[in-house]
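One letter stands for each residue in the lines below.
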Amino acid sequence: MSERVNVDKKSSDPVAEAKAEAALPALGLMGMLRWAWTQLTSMRTALFLLLLLAVAAVPGSLFPQRPANPSVVTQYIKDNPDYGKLLDTLQLYDVYSSAWFSAIYLLLFISLIGCVVPRAIAHYKAMRSQPPRTPKRLSRLPEYGTLVIPADAGIPASDAITSAAAVLKKRGYRVEVRDSGGERPSLGAERGFTKEVGNLVFHTSLIGVLVSVAIGGLFGYSGQRILVEGDTFVNTLVGYDQFTPGTNFESGQLQPYSVQLDKFDITFDRESEGKFGQPIDFSAAVTTKENPDAPAQKEILKVNDPITLGGTSIYLTGNGYAPVVTIRDGDGNVAMQGPVVAKLQGDNYYSSVVIKVPDAKPDQLGFAGFFLPTAFISNEGVSFSGDPDLFNPQLTLNSYYGDLGLDDGAPQNVFELDVQDLTPLNARNLDAGGITLAPGSSYTLPDGKGTISFDGVKRYIGVDIHHNPGQLYALIFALLAVAGLILSLYVNRRRVWVRTGTHADGRTMVEYGLLARGEDHRLAAEAEAVRKLLSGEWQLDAEAAGPEAPQQTPSREQDNDLGAATTTGSVTTPAGPTGPEKDQ
Amino acid sequence: MPYGINETMGQYSELFMLLAAGTYTVAFIAFAWDLAKSSKALRAIDLKAAQAEDPARMPVGAGAGARSESHLAGPAGRAERPSSSASPSAENGAGGAITADGDMKYAAERRAPARVAVALTVLGALIHGAGVLTRALGAGRVPWGNMYEFLTTGAFVAAAVFLLVLIRRDLRFLGTFVVGLVIIMLVAASVAYWTPVGHLVPALQSYWLIIHVSIAVLSSALFTLTFAMSALQLVQARRLKTVAAGGTDKLGFMRLVPSALSLENLSYRINAIAFIGWTFTLMFGAIWAEKAWGRFWGWDTKEVWTFVIWVVYAGYLHARATRGWTGTRAAWLSIVGYLCVIFNFTIVNQFFNGLHSYSGL
Ligand code: HEM
Numbered sequence: 001m002s003e004r005v006n007v008d009k010k011s012s013d014p015v016a017e018a019k020a021e022a023a024l025p026a027l028g029l030m031g032m033l034r035w036a037w038t039q040l041t042s043m044r045t046a047l048f049l050l051l052l053l054a055v056a057a058v059p060g061s062l063f064p065q066r067p068a069n070p071s072v073v074t075q076y077i078k079d080n081p082d083y084g085k086l087l088d089t090l091q092l093y094d095v096y097s098s099a100w101f102s103a104i105y106l107l108l109f110i111s112l113i114g115c116v117v118p119r120a121i122a123h124y125k126a127m128r129s130q131p132p133r134t135p136k137r138l139s140r141l142p143e144y145g146t147l148v149i150p151a152d153a154g155i156p157a158s159d160a161i162t163s164a165a166a167v168l169k170k171r172g173y174r175v176e177v178r179d180s181g182g183e184r185p186s187l188g189a190e191r192g193f194t195k196e197v198g199n200l201v202f203h204t205s206l207i208g209v210l211v212s213v214a215i216g217g218l219f220g221y222s223g224q225r226i227l228v229e230g231d232t233f234v235n236t237l238v239g240y241d242q243f244t245p246g247t248n249f250e251s252g253q254l255q256p257y258s259v260q261l262d263k264f265d266i267t268f269d270r271e272s273e274g275k276f277g278q279p280i281d282f283s284a285a286v287t288t289k290e291n292p293d294a295p296a297q298k299e300i301l302k303v304n305d306p307i308t309l310g311g312t313s314i315y316l317t318g319n320g321y322a323p324v325v326t327i328r329d330g331d332g333n334v335a336m337q338g339p340v341v342a343k344l345q346g347d348n349y350y351s352s353v354v355i356k357v358p359d360a361k362p363d364q365l366g367f368a369g370f371f372l373p374t375a376f377i378s379n380e381g382v383s384f385s386g387d388p389d390l391f392n393p394q395l396t397l398n399s400y401y402g403d404l405g406l407d408d409g410a411p412q413n414v415f416e417l418d419v420q421d422l423t424p425l426n427a428r429n430l431d432a433g434g435i436t437l438a439p440g441s442s443y444t445l446p447d448g449k450g451t452i453s454f455d456g457v458k459r460y461i462g463v464d465i466h467h468n469p470g471q472l473y474a475l476i477f478a479l480l481a482v483a484g485l486i487l488s489l490y491v492n493r494r495r496v497w498v499r500t501g502t503h504a505d506g507r508t509m510v511e512y513g514l515l516a517r518g519e520d521h522r523l524a525a526e527a528e529a530v531r532k533l534l535s536g537e538w539q540l541d542a543e544a545a546g547p548e549a550p551q552q553t554p555s556r557e558q559d560n561d562l563g564a565a566t567t568t569g570s571v572t573t574p575a576g577p578t579g580p581e582k583d584q
Numbered sequence: 001m002p003y004g005i006n007e008t009m010g011q012y013s014e015l016f017m018l019l020a021a022g023t024y025t026v027a028f029i030a031f032a033w034d035l036a037k038s039s040k041a042l043r044a045i046d047l048k049a050a051q052a053e054d055p056a057r058m059p060v061g062a063g064a065g066a067r068s069e070s071h072l073a074g075p076a077g078r079a080e081r082p083s084s085s086a087s088p089s090a091e092n093g094a095g096g097a098i099t100a101d102g103d104m105k106y107a108a109e110r111r112a113p114a115r116v117a118v119a120l121t122v123l124g125a126l127i128h129g130a131g132v133l134t135r136a137l138g139a140g141r142v143p144w145g146n147m148y149e150f151l152t153t154g155a156f157v158a159a160a161v162f163l164l165v166l167i168r169r170d171l172r173f174l175g176t177f178v179v180g181l182v183i184i185m186l187v188a189a190s191v192a193y194w195t196p197v198g199h200l201v202p203a204l205q206s207y208w209l210i211i212h213v214s215i216a217v218l219s220s221a222l223f224t225l226t227f228a229m230s231a232l233q234l235v236q237a238r239r240l241k242t243v244a245a246g247g248t249d250k251l252g253f254m255r256l257v258p259s260a261l262s263l264e265n266l267s268y269r270i271n272a273i274a275f276i277g278w279t280f281t282l283m284f285g286a287i288w289a290e291k292a293w294g295r296f297w298g299w300d301t302k303e304v305w306t307f308v309i310w311v312v313y314a315g316y317l318h319a320r321a322t323r324g325w326t327g328t329r330a331a332w333l334s335i336v337g338y339l340c341v342i343f344n345f346t347i348v349n350q351f352f353n354g355l356h357s358y359s360g361l
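Sequences listed follow chains V and X, in order.
Taking the numbering used here, the leading residue of the first sequence gets 1, the next gets one more, and so forth.
Taking the numbering used here, the leading residue of the second sequence gets 1, the next gets one more, and so forth.
Looking at chain V on its own, in the form it has when it is part of the complex (with noise of 0.2 Å):
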């Protein structure tokens, strides 16, 4: 990261930006592209871009977004004519794929690579090559301690600095030492490179997991079906009610397998008072075929709990009731018989019922109306379910004959009927009135137009079917990313510097500087901790090594420039090569 900082400290240096910007017009293109491309990489760039991004993800959530709910968009744009369709242009319905999303994004990580690439390559070097040389005052860096080594001990500068450098590399740092003969040999010591390669890691991984997901808006899909209780569902085009493939799909893809829905149960809530009815437990029996001739399976298929087949998942997301009619035309012939889906509309399953007859004669039929599985009446005369469960189920219809426009390919929705060209038989503002059905029971249709009879309920369930390619990926770059952002986060990369002196008098004198690189509250302890080490090895007291001794105490910062003053006075810090690389 001081990599980074440092060449943050180039760009943000007045003189130098007021000179950059001077030299613009002589810069030519390639100039101008290599000073767009430091500006894009810098680290105030990703700052700026990473809070642009934040902000351009909020109207995802304000407005209604296409992917998730089309119908909601197009009634919203309804809804509100003056800026509905303003809202449209901007793409304010499609954050996640808009234009300016994208460009934030695709900028920001190119930021990234841009900035990860040239990190990378310099903190290799880093790692290859010796730790920084020893600056000319120790003192001056943030952690700075020394020790004596009494005389009669015996160890000269030279083994001192040796057994230094032993101390430190057991403790995992790597280091040189230099001048090992000369008058004050010095060692430089450097550990925590796992910090960069953490930070690198976490940064490359956000790339991963981004083409993860590319890759599966390109190679997967997904779709819906609604089975009710007997129906099958096999992996093919047509046996999907819905069906959004990726951009690569191929319909070679499905692999032919089959979902027959056997039973589909539902546990009520009969212990709370607050949430007395809800529902608990949704628990579907399926058999499945992995192709056609492969043998049956029973599973169960709930909530949170999908099924895998064929390398899709399969998920139950929807339930309700489909009331079961037979419905006889006014020929007397069977028009229709069988389940009919119900939609949810309200509490206790509260639902809507439309019933489309093309196949009667002479006129064609249709109907729509209620269904409520535990039927009560208000006191005002409306209708509505007491409860989720099948106590009192009943079917309230109105029905209509005429041309359901269904012939001419138009596709409608199953769940609408458009009454506009059809002609009323039972309404409640008719004479004949409105349809009320019990299970059990059937109803003569006026004018000789036919029969309903309500034979019973089933259950229906409505299931997603998904196949994503990228998400296994996605997964292992995420769960790289959080390996490499606790390394980078909590590996301390830290430099440690000894140099030793031998006194006239036959003393030892070392001193010992810390830096750390990047976030670091522990430096601290970490000089403790050499200091002790150190002193162990020549049998010190590291407590009491002279009045330099860093303590814990406020006024340290005054010792510190007693202790370099005395330092350099009386063991002299020589002149060596130019001060330490951190410049304050």
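Everything labelled a hint here was simulated from the structure, so no lab data went into it.
Subject to a maximum C-alpha distance of 25 Å in a straight line, what follows is the list of computed SDA-like cross-link-like pairs (lysine to any residue):
1) 532(V) to 168(X)
2) 105(X) to 116(X)
3) 291(X) to 281(V)
4) 302(X) to 207(V)
5) 291(X) to 231(V)
6) 291(X) to 483(V)
7) 302(V) to 206(X)
8) 343(V) to 201(X)
9) 37(X) to 25(X)
10) 302(V) to 214(X)
11) 302(X) to 213(V)
12) 302(X) to 53(V)
13) 302(X) to 94(V)
14) 291(X) to 305(V)
15) 291(X) to 237(V)
16) 343(V) to 295(X)
17) 291(X) to 480(V)
18) 291(X) to 307(V)
19) 302(X) to 55(V)
20) 263(V) to 203(X)
21) 291(X) to 228(V)
22) 302(X) to 462(V)
23) 291(X) to 232(V)
24) 302(X) to 48(V)
25) 361(V) to 403(V)
26) 302(X) to 72(V)
27) 302(V) to 203(X)
28) 105(X) to 521(V)
29) 302(X) to 98(V)
30) 302(X) to 104(V)
31) 298(V) to 203(X)
32) 361(V) to 446(V)
33) 40(X) to 29(X)
34) 302(X) to 76(V)
35) 136(V) to 165(V)
36) 291(X) to 317(V)
37) 302(X) to 59(V)
38) 291(X) to 266(V)
39) 298(V) to 206(X)
Position chain X with the ligand against the provided structure of chain V, taking the given hints into account.
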């Protein structure tokens, strides 16, 4: 099949919550008293010191301040990019404007009201914990299945995390803030979000509820702490600037609060932990979404806001490494992040339609 419901346990739980809120309230008063009293005492000491003003005292004090400061600040790299809000010179100039230890270690001096306050908070947290436990027993499952439970359990975790941090660091200056917030959460839970014990809807019956939500609550509790610290950091930075410029110190109690730089550094460390927690929240949420709805990411409102929070805190971590963005600006990001957390919990849960609409209301 879920376990049975035990309404009596549920009633005990509510009683415990009430008692806990009461105990916290007394603790809150004690914390406030501590701030008031200590700042008065400190002012008196200062006055005496000023009367016996020794011209040599100033630089010494300044040096001491700077040292203890930079010590925690970890020249440790932070020195390379000094905080823009609290430059050492501002703090030096402020002289005695800070008495708190930058390390946030306990000082030798005893603060009786603060001790009472902490003891009461511990008591409150114990009762509160009993409330959470009885709620769990009453419902026969983890106590975080609706807004009421998120809030009561979340408040407990916030209090517990605060007390745990107190073991190692003297963050008692945050007491009024944290305990105040805990009280607000408990009251809001009981007044606005009260829900009797009940079974989970099938959508929530998953072990991912345990994993995902517990980490979310824990991270949020940590974000709560850092929010408080960042807010104080802003106040402190302003105050120190005023004092340094020779203005009058209107916020005497802020002497008990460590310097802006110390606050910034500690909140950075806590935010780093919380950010990892939030990353897990996001990931586990995605895994759960995959299990429940068949896609791991679908930009559902709740997902959008969880993502926004994650990005804001990622921005915060970046800001701390960007020149000119440390200090005050980073603190603002930390605050904005927390406001998003609150928004995600309250407004999004209740008023936005999405797959996550199981607030239990
Ligand atoms: C996809 C968007 C990005 C996200 C979510 C993200 C997130 C993070 C996070 C959470 C950290 C803190 C943990 C750590 O130190 O590893 C971090 C650090 C860092 N990021 Fe990013 N980042 C993104 C893009 C970038 C870009 C584009 C750059 C380069 C310009 C960048 C450069 C850095 C650097 C240098 C650090 C180390 C900061 C330090 O010294 O603490 N990041 N990033």
